[in-house]
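Undergrad: Letter 73 of the sequence shown, counting from 1, is numbered 73 in my numbering, and no numbers are missing.
Calculated from the structure, these hints are not laboratory results. Among the clues, some could well be false.
What the hints assert, rightly or not - Between beta-carbon pairs, the in silico distance windows are:
hint	residue 1	residue 2	range
1	S25	S85	17 to 23 Å
2	P100	R34	30 to 36 Å
3	D35	A108	31 to 37 Å
4	L84	N45	32 to 38 Å
What the hints assert, rightly or not - Straight-line Cα separation of at most 27 Å, DSS-like style, residue types lysine-lysine; simulated pairs:
hint	residue 1	residue 2
5	K12	K117
6	K66	K83
7	K117	K66
8	K12	K70
For every residue, glycine included, the Cβ atom is placed at its ideal position computed from N, Cα and C.
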Amino acid sequence: MQATDRRPQPRKPLTIFLADDNPDSIITLAALLRDEGHVVLTCANARIALQAIRQQQPDVCILDIKMPGKSGYELAREIRESKLSPMPVLIAISGHFKRPSEQLVARASGFDHFFPKGTSEPAELLALLATLGNSPSAA
Numbered sequence: 001m002q003a004t005d006r007r008p009q010p011r012k013p014l015t016i017f018l019a020d021d022n023p024d025s026i027i028t029l030a031a032l033l034r035d036e037g038h039v040v041l042t043c044a045n046a047r048i049a050l051q052a053i054r055q056q057q058p059d060v061c062i063l064d065i066k067m068p069g070k071s072g073y074e075l076a077r078e079i080r081e082s083k084l085s086p087m088p089v090l091i092a093i094s095g096h097f098k099r100p101s102e103q104l105v106a107r108a109s110g111f112d113h114f115f116p117k118g119t120s121e122p123a124e125l126l127a128l129l130a131t132l133g134n135s136p137s138a139a
């Protein structure tokens, strides 16, 4: 008898925009997401991220909070104010989401979801993405 993966599998690959100034984080997370079948676009500079998001029109944006020059909070607000259509799902990643105040700031900035950065088990993030890939708007 074979073990089966019970994680929901997305109906279609998502286009995911990943903004993080840490090269190791980008490489690791991008590889994981590509292994799951998603199309991953990366950017290490939050100042130019909005332009790239407008051009690429991703389904999901995963944004680091602590970036030089512009925070992920600022970038999330700019994305929401840009009135993109369709609006991507915004996911924040940070090493500080253990504090409830950081989660409140993330919500107020326009993020839909947030995850701790550097988590050893990315199952929750992958499960969320699988759910988004199965939603009618992502079809």
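Undergrad: Determine for every hint whether it applies to the structure shown.
TA: Against the structure, the hints:
{"no.": "1", "hint": "S25 / S85: 17 to 23 Å", "verdict": "violated (29 Å)"}
{"no.": "2", "hint": "P100 / R34: 30 to 36 Å", "verdict": "holds (33 Å)"}
{"no.": "3", "hint": "D35 / A108: 31 to 37 Å", "verdict": "holds (33 Å)"}
{"no.": "4", "hint": "L84 / N45: 32 to 38 Å", "verdict": "violated (19 Å)"}
{"no.": "5", "hint": "K12 / K117", "verdict": "holds (26 Å)"}
{"no.": "6", "hint": "K66 / K83", "verdict": "holds (24 Å)"}
{"no.": "7", "hint": "K117 / K66", "verdict": "holds (11 Å)"}
{"no.": "8", "hint": "K12 / K70", "verdict": "violated (32 Å)"}
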